[in-house]
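Chains as they are written, first to last, in numbering that gives the first Met the number 0: chain A, 0 to 752; chain B, 0 to 85; chain C, 0 to 160.
Only part of the chain A face toward chain B is listed, based on derived beta-carbon distances under 7 Å:
| # | residue |
| --- | --- |
| 1 | R173 |
| 2 | F174 |
| 3 | S175 |
| 4 | M409 |
| 5 | F411 |
| 6 | A414 |
| 7 | H597 |
| 8 | G598 |
| 9 | A697 |
Pairwise CB distance ranges (calculated):
| # | chain 1 | residue 1 | chain 2 | residue 2 | range |
| --- | --- | --- | --- | --- | --- |
| 10 | B | G70 | A | T402 | 18 to 28 Å |
| 11 | A | D180 | B | R71 | 28 to 38 Å |
| 12 | A | K580 | C | T72 | 52 to 62 Å |
| 13 | C | G70 | A | T114 | 21 to 31 Å |
Think of the hints as simulated: they come from the structure by calculation, not from any bench.
Every residue, glycine too, gets a C-beta built ideally from N, C-alpha and C.
Chain by chain, the residues:
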Amino acid sequence: MTVTEPKPSYKYVGTRPVRHDGLEKVTGRARFAADLNMSGQIHGIVVRSPHAHARIVSIDTSEAEAMPGVKAVITGDDFPAVEPGHRQYDMCINVIARDKVFYEGHALAAVAASTRDQAQAAAAAVKVTYEVLPAVLTIEAAMAPDAPVLHAHMMTAGADPPAEQPSNISNVTRFSSGELDSGFAQADLVIEREFTTQPVHQGYIEPHACVADTGQDGHTTIWCSSQGHFSVRSSTATLLGWENTRIRVIPAEIGGGFGGKTTIYLEPLAVALSAKAGRPVKMVMTRDEVFRATGPAPGTKLRIKLGAKSDGSLVAGDAYLIYTNGAYTGSGGLLGAMTVFESYKIPNFEIEALDVVINTARSAAYRAPAAPLTAFAMETMLDEIATDLGIDPIDLRIQNAVTEGDPSTMGFPFARIGFVECLEAVRDHPNYKAPLGPNQGRGVAAGYWFNIGESSSATVNLNEDGTATVVTGSPDIGGSRASMALMAAEELGIDVHDIRPVVGDTEAVGFTDTTEGSRATFATGMAVVEACRRMVVELRGRAAKMMGVDIDDVDWVDGQAVYTGSDDEKAPLSVAEITAKAKRTGGPLTATGSLEAHGAGPGFAVHVCDLEVDPETGVVRVVRYTASQDAGTAIHPSYVEGQIHGGVAQGIGWALNEEYIYDSDGVMENPSFLDYRVPVASDLPMIDAIIVEVPNPAHPYGVRGVGETGIVPPIPAVANAIHSATGCRIRDLPMSPVRVLGAITSNGGSNGA
Amino acid sequence: MAVRVHLSSNLRGPTGGVAEVEADGSTVGALIDDLDRRYPGLGDALRAGVSVVIDGLLIAHPEYEPLADGGRIYFVPQTAGGSSHA
Amino acid sequence: MSRVHVTCTINGDPAEFLCDGGQTLLDALRDEVGLTGAKEGCGTGDCGACSVVMDGRLLCSCLVLAPEAEGTTISTVEGMASGDDLHPLQQCFLEGAALQCGVCTPGFLVAARALLDRNPDPDETEIRYGLAGNLCRCTGYDKIVRAVQAAATEITAINES
Ligand code: FES
Ligand code: FES
Numbered sequence: 000m001t002v003t004e005p006k007p008s009y010k011y012v013g014t015r016p017v018r019h020d021g022l023e024k025v026t027g028r029a030r031f032a033a034d035l036n037m038s039g040q041i042h043g044i045v046v047r048s049p050h051a052h053a054r055i056v057s058i059d060t061s062e063a064e065a066m067p068g069v070k071a072v073i074t075g076d077d078f079p080a081v082e083p084g085h086r087q088y089d090m091c092i093n094v095i096a097r098d099k100v101f102y103e104g105h106a107l108a109a110v111a112a113s114t115r116d117q118a119q120a121a122a123a124a125v126k127v128t129y130e131v132l133p134a135v136l137t138i139e140a141a142m143a144p145d146a147p148v149l150h151a152h153m154m155t156a157g158a159d160p161p162a163e164q165p166s167n168i169s170n171v172t173r174f175s176s177g178e179l180d181s182g183f184a185q186a187d188l189v190i191e192r193e194f195t196t197q198p199v200h201q202g203y204i205e206p207h208a209c210v211a212d213t214g215q216d217g218h219t220t221i222w223c224s225s226q227g228h229f230s231v232r233s234s235t236a237t238l239l240g241w242e243n244t245r246i247r248v249i250p251a252e253i254g255g256g257f258g259g260k261t262t263i264y265l266e267p268l269a270v271a272l273s274a275k276a277g278r279p280v281k282m283v284m285t286r287d288e289v290f291r292a293t294g295p296a297p298g299t300k301l302r303i304k305l306g307a308k309s310d311g312s313l314v315a316g317d318a319y320l321i322y323t324n325g326a327y328t329g330s331g332g333l334l335g336a337m338t339v340f341e342s343y344k345i346p347n348f349e350i351e352a353l354d355v356v357i358n359t360a361r362s363a364a365y366r367a368p369a370a371p372l373t374a375f376a377m378e379t380m381l382d383e384i385a386t387d388l389g390i391d392p393i394d395l396r397i398q399n400a401v402t403e404g405d406p407s408t409m410g411f412p413f414a415r416i417g418f419v420e421c422l423e424a425v426r427d428h429p430n431y432k433a434p435l436g437p438n439q440g441r442g443v444a445a446g447y448w449f450n451i452g453e454s455s456s457a458t459v460n461l462n463e464d465g466t467a468t469v470v471t472g473s474p475d476i477g478g479s480r481a482s483m484a485l486m487a488a489e490e491l492g493i494d495v496h497d498i499r500p501v502v503g504d505t506e507a508v509g510f511t512d513t514t515e516g517s518r519a520t521f522a523t524g525m526a527v528v529e530a531c532r533r534m535v536v537e538l539r540g541r542a543a544k545m546m547g548v549d550i551d552d553v554d555w556v557d558g559q560a561v562y563t564g565s566d567d568e569k570a571p572l573s574v575a576e577i578t579a580k581a582k583r584t585g586g587p588l589t590a591t592g593s594l595e596a597h598g599a600g601p602g603f604a605v606h607v608c609d610l611e612v613d614p615e616t617g618v619v620r621v622v623r624y625t626a627s628q629d630a631g632t633a634i635h636p637s638y639v640e641g642q643i644h645g646g647v648a649q650g651i652g653w654a655l656n657e658e659y660i661y662d663s664d665g666v667m668e669n670p671s672f673l674d675y676r677v678p679v680a681s682d683l684p685m686i687d688a689i690i691v692e693v694p695n696p697a698h699p700y701g702v703r704g705v706g707e708t709g710i711v712p713p714i715p716a717v718a719n720a721i722h723s724a725t726g727c728r729i730r731d732l733p734m735s736p737v738r739v740l741g742a743i744t745s746n747g748g749s750n751g752a
Numbered sequence: 000m001a002v003r004v005h006l007s008s009n010l011r012g013p014t015g016g017v018a019e020v021e022a023d024g025s026t027v028g029a030l031i032d033d034l035d036r037r038y039p040g041l042g043d044a045l046r047a048g049v050s051v052v053i054d055g056l057l058i059a060h061p062e063y064e065p066l067a068d069g070g071r072i073y074f075v076p077q078t079a080g081g082s083s084h085a
Numbered sequence: 000m001s002r003v004h005v006t007c008t009i010n011g012d013p014a015e016f017l018c019d020g021g022q023t024l025l026d027a028l029r030d031e032v033g034l035t036g037a038k039e040g041c042g043t044g045d046c047g048a049c050s051v052v053m054d055g056r057l058l059c060s061c062l063v064l065a066p067e068a069e070g071t072t073i074s075t076v077e078g079m080a081s082g083d084d085l086h087p088l089q090q091c092f093l094e095g096a097a098l099q100c101g102v103c104t105p106g107f108l109v110a111a112r113a114l115l116d117r118n119p120d121p122d123e124t125e126i127r128y129g130l131a132g133n134l135c136r137c138t139g140y141d142k143i144v145r146a147v148q149a150a151a152t153e154i155t156a157i158n159e160s
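Extracted from the complex, chain A is given alone in its bound form (with noise of 0.2 Å):
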C-alpha cells in the first residue's frame, strides 16, 4: 500500500474486521431473492419475442388462459399507455413491448400458474402474430441512409443544426476546446486509429429475481435482488401508473450487479400478476433469458486522432465515438465523451459522439459505463506515441496527466485527485522492471472514473447494551455494510463488531438512491457519518444529564463521555452506562442523517499487465498483474482490493474473449456460460492490489468511490501487453485467440503500427 498523503491515524477506519454479513453467506443462510417464497405463492413466467424486430399485429391468451394451474395472463394492454417523450418510455416499453418487440427476448407477455412448468407449458401456449421487419444489427446499418428507422419519433438530440427526418441516432454529444488545427500543426507526431468493440454483459452470477405480493388493498411488497430498491419502487409505480407509495420495496441479499440490476425487467410484471390472480407471485429468471433480455454494455466504433510534439506532450485531439445502447436511447456516447480525453492535458480538442440504436437488448450501465473502450483507444495509442518517440509509457503519462487545477473535458478544475500518484506506485512497483520471458509482453494503461454523490440516509439507533444498529438503504453489492459498520465505529467509538449495518427498505429508512457510480461507501458513508455525529451531541447531552454538568462541559473521546470542566473530577462514562438509564434521561437514542452528497472525488487507476502469447494457437495468457487505484481513503481495505481484483478480472474478459455473437436475424448464438465464457480461476494470475490514498478532500474520510475504475485500464493493458509481446497491434475486440493469431500470421498484423 501506498499513502501518498499524510491523514489522521484511525482506530477502526482502515483496519480489515470480518463482514457483519459473512457468516450467513458462508453458512448457505443468506436470502437472495430467488431463496425467498411467500405462503401461497404461484410462478410467472415471461413471454419473449423470438424475432429482432417486428410488429406485434395480435396476442391470443385464450388458449394459455385455459390451461391447467393458470392464474393470470398479462399483455401490454395490462399497463397504462406510454407516449415517446415520456420521462421513462424505454424502460416502459422495454419491461413489456407494446406494439412493436425491438430484439430478440423481447418481454411481450407473463403468465403466472400454480407450478413453473404449468407457467411454462402456458407461456408456451399464448399465440402471437407478428409482422417481422427487417433487422438492423449494426452500427453501419443504422446509419445507412436507407436504414429502417427503430423508433419512428427518434430526432436526435443535441443535432446541430437540429433534426429534420427521424433516424437511428438517438443523440449527439460534442466537447471542444482551443483549436483544433493550429493544435495539429505544432504536433511532430500524428496518428489515427479506428476501433472496434462488441457487446458485453456484466455477468453477474445470480439472475434477476423477485416475488411480488399484492394485497386486495392495491398495496403491493416486492422482495426483488438490485442495486436500488427505492428506484425498484418509482420504476414499478411508472410502468403500472399507481402512487410510489403504494409499493414498498424489501431488498434481498444481491448476487452481482455491477450496474446491470439499476434497472427493472421483472418487478412490474409480477406485481401485475399477483394483482390478477390474488397470490404472490414469483419470478426468476433463466441464465439464457439474463443474456437475451437484460444488461449489454454497449459495443462501439471509435476513431481518434492525436497529435504529440517530439517531447511527448500532447497537443490535440480529435474524437469521434459511435456507441450502440441496443434498441433504445442511451448516454454511452455521452460518458465516452466525457472520459476519452479526461485523463490528459490535452489544448486543443473535439469529441463528437453519438448514441445509435440497433436491434438488441437494451444496454444497461456495467462499471464505469463506456470508459473501458474510450480507454481502449486512447490509451493504446499513447502506448504508440510512447514507442514512436522512445518514451517510457509511464513517464510519457505522468508528463501528460491532470492534476489538481488542471481543467476538465467539461471546463471545470479538478480537485485534489491521485493520478499521479497511481502512475508512480506502478512505475516503482517490482512488477514493472521484472524480467520478462519468451513470448511475453507488458502493457501499461491508465483508467478514470468520476463517480457520483446523489442522495442518501441512514438511521443509527443505539440498543439498551450500548451495541448500535445502523440501517442505511444502500444495497450492499461488495461489502459496504462493513464500510458502514467502520465509520460508525470511528465517530462513535464503539467496537465495529457491535454494531450492525442493516439494510432497510423502502419504509424503514430515507430515501437512497441506487448503489451505482460507486456511490455507496461515499454518499451513504457520508450519511452515516452525519447521523453518527447527530448522535454523539445527544450523547454528550444524556452524559451532561447523568453527571449533572452543562453539555459543554462534556466531550466524546474513545466512546466515552469525559468530564472536561473544571470541578470535581467525574468519572467518564460509556455508550453502554448512557443507554442503560436512556429511559430516565429523555428516552432511546436514535439520530438520522440525511443528505445530497457533492463532491464525488475522480478516481484514477493504473495497470500493468505481463502476458504470454503462444504463437502457435494466439491463445493469450495473463501472467502477472499489478493495479494501482486511488480510493481516497480505504475503510476496509480488503473489500477496496476486492473491487480492484473484480474490476481487473472482468477486463481481462473483456478484453480477451467476452462477446455477444449474433445470427443474421439477430438471435443471440452465445447465450450461456459456457458459450459466452466468463473468465474462470485457471485463466487468471493473482492480482496484485496497490491502494493510493490521496483523501477526497469532500469526504469526512476523504473517500473516494472504488467500484468502477477498477475495470477501466485491463483492456488497453492487454492489448499494450499483446503488442508488446508480437509486435501486433489489434484495434477489435476481443482479442481472441483468432484474433491474435491472424495479426501475428499476417506479418506484424492486419492492424500493425
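Using the hints, position chains B and C with the ligands against chain A.
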C-alpha cells in the same frame, strides 16, 4: 450578484459559442433565469438537466445552491454515473 | 401427475422428499427440502453455484435428476459447519474476504472442500484448475485462491495435532 459562468462546450449554442459569460443571481436557479434573459434558450438547456461545479464540488441538483458575489460556476452535463443507460 | 418419493441422507440426517420425475436435484433441495444454500446461476452445469457432494462425488446438482438421489448421501454448504464451529474453509473465506456478493460462495466452499479431500496440499495452479468449474464474477478469484491455501494449511495443522 455577479458571477462568472463557464459553459461546457455542448451548452454554448445560445451564447454563439462563447465559453465564459457573466450573469447575476443569488442562487443557481436565479442565475439560470438571468442567463436565459441574456441568452434566450439557454435557460431551457440548463434546466433540462445539468450539474454544476462550485468551489471544486460537483453538485447534481443545484437549483437552490447559493452563489457568492464574484464567484465562478461551471455548468456541465448531468452525470448520472452508473445509472446511465450506457 | 404422481410424484416420486426419495429417501436419502442429507448433511448427516435422514431425509425424505417428494419430487417430480423431471425435477433437478437442485430444485428438490431448494423447493422440496428447503435448503436454499445451493444456488442456480445457470441451470446448465456451467457455473458451479449449485455444487453439492453426492456419494463422495462433487457434482452440479442442476444436472442431476432428483429421483437419482434415492439411497445416496448428499452434503451441501449447510452441512459444512459442525455445530458452533465453522469449517476451516468457511473461516478462511470470512477472514480472507474471499466473498463479495456471496452468491457463488456456497458452491466454492463445497467444491473447495472436495478439492482438499482429494488433494490436501494443492499448489496455486492445482487450486485454480480444481475450482475452474465455479464462476465468481466479483472477486477475480484472488482472495478465493488465497483462502483455500490458508484453509489447506490450517486443516493440515489440525490433522497433525
Ligand atoms: S446452476 Fe448448476 S452449474 Fe450453474
Ligand atoms: S462473490 Fe459475487 S459471484 Fe463470487
